[in-house]
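Undergrad: Sequence:
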Amino acid sequence: MIFDTNILIYADRGVASAKELIMSTQHRSISAVTYMEYVPFCRNKKELATFEKMLQVLQFTIHEIDHGISYHARQLVRQFALSHSMEMGDALIAATAMAHNELLCTGNIKHFSQITGLLLDHYQSNEN
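Sequential numbering of the sequence shown, starting at 9, is according to my numbering.
Check the hints yourself; a few may be wrong.
As the list claims (entries may be wrong) - Derived DSBU-like pairs: lysine-lysine, alpha-carbon spacing no greater than 30 Å straight-line:
no., residue 1, residue 2
1, K53, K27
2, K54, K27
3, K61, K27
4, K118, K27
Said to hold, decoys possible - Have a look at the derived ranges for each label pair, beta carbon to beta carbon:
no., residue 1, residue 2, range
5, A24, L90, 34 to 44 Å
6, V65, G22, 13 to 23 Å
7, S91, K54, 20 to 30 Å
Keep in mind the hints are simulated off the structure, nothing from the lab. Ideal placement from N, C-alpha and C gives every residue a C-beta, glycine not left out.
Input sequences plus hints: build the corresponding full structure.
TA: As structure tokens, this is what we get:
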């Protein structure tokens with residue numbers, strides 16, 4: 009399962025169901041975009057080190073952006089930017105999930121629901 013940035017943020021903010029979801033998932037991954045989106049949420053180098061240690065200890069795979077993912081994301085932006093406000097980060101995360109045939113877990117289903125062929129898991133916190 010590939011996690012959208014918001015799931016990691018929920019877990020970091022102490023949302024137990026997000027933590028449990030991450031812990032109960034056997035094969036965890038994120039897009040390189042998620043890494044880049046998450047790092048600015050770290051308030052200092054200690055929090056960044058904690059984040060990187062968590063990725064390592066929980067054996068997250070970080071999927072890099074390659075030519076195919078970039079091309080597919082560009083097509084998604086072209087198709088959905090005007091009609092659904094598709095942004096670059098979401099397009100790259102969706103294209104990454106599709107390239108690796110992984111289920112994308114997100115709390116922001118509306119950012120992705122228009123994409124045909126994308127496997128989605130809608131995370132909903134019971135603590136909101």
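Undergrad: Could you run down the list of hints and mark each one as holding or not?
TA: How the hints compare with the structure:
1. Restraint check for K53 and K27: satisfied, since their Cα atoms lie roughly 22 Å apart, inside the 30 Å limit.
2. Distance restraint check for K54 and K27: the Cα-Cα separation of roughly 20 Å lies within the 30 Å cut-off, and the hinted pair is therefore satisfied.
3. This hinted pair checks out: K61 and K27 have alpha carbons roughly 15 Å apart, not beyond 30 Å.
4. Among the hinted pairs, K118 with K27 is consistent with the structure: their alpha-carbon atoms are about 22 Å apart, no more than 30 Å.
5. For A24 and L90, the hinted distance range of 34 to 44 Å is satisfied, since their beta carbons lie about 38 Å from each other.
6. Between V65 and G22 the beta carbon distance is about 18 Å. The supplied range of 13 to 23 Å therefore holds.
7. Checked against the hint of 20 to 30 Å, the C-beta distance between S91 and K54 comes to roughly 42 Å, which is inconsistent with it.
Violated hint for the displayed structure: number 7, the only one.
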